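Student: Listed below are the residues making up each chain.
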Amino acid sequence: MTGPKTLYEKIWDAHTVESREDGTSLIWIDRHLVHEVTSPQAFEALRAAGRKVRRPDLTLAVPDHNLPTTARRDSAGHRIAIKDPQSAQQLAALEKNAPEFGIRLIGDADREQGIVHVVGPEQGFSLPGATIVCGDSHTACHGGLGALAFGIGTSEVEHVLATQTLQLKRSKTMEVRVEGELGAGVTAKDLVLHICGTLGASGGTGYVIEYTGSAIRGLSIEGRLTVSNMAIEHGARAGLIAPDEKTFAYVQGRPYAPKGADWDKAVAWWKSLATDPGATYDKVVVINAAEIAPTVTWGTSPEDTVAIGGVVPAPESFADPSKQEAARKSLAYMGLTPGQKMTDVEVQNVFIGSCTNSRIEDMRAAAAVVKGRRKADNVRWAIVVPGSGLVKEQAEAEGLDKIFIEAGLEWREPGCSACLAMNPDKVPSGERCASTSNRNFVGRQGPGARTHLVSPAMAAAAAVTGKLTDAREFLA
Amino acid sequence: MKPINHVAGTAIPFGAKNVDTDVIIPAHWLKTITREGLGKGAFEAIRAEEGNIFDTERNKGAPILIAGDNFGCGSSREHAAWALLDMGITCVIAPSFSDIFSGNAFKNGILTVVLPQEAIDRLLVVAVDQPIDVDLESQTVTTPFQDRFTFEIDPFRKHCLLGGLDEVGLTLSRDAAIKQHEAKIAADLPFLATASAA
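One line per chain: the protein sequences are C and H, in this order. For what it's worth, our numbering labels the leading residue of the first sequence as 1, then goes sequentially. For what it's worth, our numbering labels the leading residue of the second sequence as 1001, then goes sequentially.
Everything labelled a hint here was simulated from the structure, so no lab data went into it. Quick caveat: nothing in here was measured; it's all calculated off a predicted structure. Keep in mind that a hint or two might mislead.
Here are the simulated distance ranges between beta carbons [said to hold, decoys possible]:
#, chain 1, residue 1, chain 2, residue 2, range
1, H, GLY1051, C, GLY23, 41 to 47 Å
2, C, GLU95, H, GLN1180, 32 to 38 Å
3, H, GLU1049, C, ARG73, 39 to 45 Å
4, C, ASN288, H, GLU1152, 32 to 38 Å
5, C, ASP264, H, GLN1117, 50 to 56 Å
6, C, SER429, H, GLY1061, 29 to 35 Å
7, C, LYS329, H, PRO1116, 20 to 26 Å
8, C, SER429, H, GLY1037, 24 to 30 Å
9, C, GLY399, H, LYS1060, 57 to 63 Å
10, H, LYS1040, C, ALA71, 31 to 37 Å
11, H, GLU1152, C, LYS96, 42 to 48 Å
12, C, THR198, H, ALA1183, 41 to 47 Å
13, H, GLU1036, C, GLY23, 30 to 36 Å
14, H, GLU1049, C, ARG47, 38 to 44 Å
Each residue gets a CB set at the ideal place from its N, CA and C atoms; glycine is no exception.
Between the sequences and the hints, there should be enough to build the whole structure, so can you do that?
Tutor: Structure (structure tokens):
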């Protein structure tokens, strides 16, 4: 293909092994992240077929979903057994499969352990311009570095392990251009929740979205990872943000990052990846950053967003009859009434963590709000879960752990935690949680749990007031 | 995977929109290390209700599910496809599917049929008491009332589904091309060609 190309098309073309007439291409995969939940059946299938892992050096395994966020070793250094036998079994399977197939494993108590989508960028394993996959839909996260990264199912995990490629069809391209400046106290999370509300949960289906515009360029790498992380919540296969000087500065010096002459070559190539002037997208959506307020969700789909100053919508206010019906069900599940002010909604739980918001900046933003304040009495459970052991170390070096603990919040070990109810961190049925995670689905944080998606600063503000709160009230 | 061509019989007129993978199979069911037995957990929250649509005498074990827009959105868990298969569902008809779910369904020999909302609305009415017939070879969905809807499907997927082909085996047969690309990456993009923590 000649002529001007988008960032997506450039990465795609550089990774095409061969294209067939039917429109399917065989795509080379540069980096593969593996965790304990979606890989056991893939390794089992390889074993059954007598197949090997083609490029074990391009794969990195990290357990995250099942791990309790409490201590994993006792004072003598012995493993504290995971109580749930099934969770323990999945961890054991990864610990057996990785070495057996020659794959590097970051262990459950290693200081680099964390959520795969935090660990990949942090280690420099995830690189701009790379194709990155993982059996987890939030792999879209790595697109914040300018990598083509997307979630795959277990059969595809097996396919990548065996062949280091995937059979894929080229996606359509969408540009989501966010121009202008975000207001004070408005964060990357508010921005992406606003995009979810604008596009809808299926608005990006069939597309790879490139986020562009001055508001996106203005975000830190942590913020860009947050935005791209939730590309999947508006249905997109992947999100992309063009790598720039901020990206190079973030990547340089990390353990797996290129070094010496390779580094110079890498930067030169990364600079060439930006969408060419004159390249066209299949769809363009323009958003004015100045119109975005701190945003929360009221329903059970990430598209159910409203500004914190707003009210719970009436189902009749939606044009689409099926959305009206979905909204009625959501409100019944969430225990909310149309017209109710979002700032009147009380929460009993606060979760600060997940692959969306557990990097150091997220920890700092939450700590800035709770510093010198106390958790409200009606908040039963408030936990802060750093995304990796290295984030935890950094936060502790900055004294953030003490700020949280003094405010009455718990400071935990890294993992997926209360994002998805696969480990002991769950929200009780009927209770509400202000959560920095990415999904407010029915039962996501535990059967009957009611999730309100928010930014780290907003979650921290909710912990202090006991209600959904505009975090800007706490800005110094 | 088993070859699939013709699916005929009871279709569950579910119709819900944005059915996410946590609804299809909640996370606590993902702790298994095998692919079997997940049908018990399929649509767990819905099926906890008395008289739910999945457990009626008529719908139990039905091979076809009719759903709303954006079916299978959310997580990449292939357990959603395994759970449907374990329930006996081998064909899902909806106005749209999440990209990852439709890929997972395909890899397990589940046929995902995309039809416009008007066709779905009609099928939801018919399916209440009539069987539905889906034919992959001719790419048609028909009812006993002479309804006939044609659907599009990627030719490669169709070929694989009809033949029950093993995709890993197919790709491994392209080894020469893969090796060539691997060498090209090593030459042109050496920083991507390997991953080591020096």
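Student: Each of the hints needs a verdict: does it hold here or not?
Tutor: Evaluation of the provided hints:
Between GLY1051 of chain H and GLY23 of chain C the C-beta distance comes to about 45 Å, which sits within the given range of 41 to 47 Å. For GLU95 of chain C paired with GLN1180 of chain H, a C-beta distance near 36 Å keeps the hint of 32 to 38 Å intact. GLU1049 of chain H and ARG73 of chain C have their C-beta atoms about 43 Å apart, which keeps the hinted 39 to 45 Å range intact. The hint said 32 to 38 Å for the Cβ distance between ASN288 of chain C and GLU1152 of chain H, and at roughly 37 Å that hint holds.
Separation of ASP264 of chain C from GLN1117 of chain H is about 53 Å and conforms to the stated range, judged on CB atoms against 50 to 56 Å. Hint check: SER429 of chain C to GLY1061 of chain H, Cβ distance near 30 Å, so the stated range 29 to 35 Å holds. For LYS329 of chain C paired with PRO1116 of chain H, a C-beta distance near 24 Å keeps the hint of 20 to 26 Å intact. A beta carbon spacing of about 25 Å between SER429 of chain C and GLY1037 of chain H agrees with the range 24 to 30 Å that was offered as a hint.
Our hint of 57 to 63 Å for GLY399 of chain C and LYS1060 of chain H holds, since their Cβ atoms are close to 59 Å apart. As the Cβ distance of LYS1040 of chain H to ALA71 of chain C is approximately 34 Å, the hint placing it in 31 to 37 Å holds. Between GLU1152 of chain H and LYS96 of chain C the Cβ separation comes to about 43 Å, which falls inside the hinted range of 42 to 48 Å. Checked against the given bound of 41 to 47 Å, the beta carbons of THR198 of chain C and ALA1183 of chain H, roughly 44 Å apart, stay inside it.
At about 34 Å, the beta-carbon gap between GLU1036 of chain H and GLY23 of chain C stays in the expected band of 30 to 36 Å. One distance hint, 38 to 44 Å for the beta-carbon pair GLU1049 of chain H and ARG47 of chain C, holds here, with the actual separation near 40 Å.
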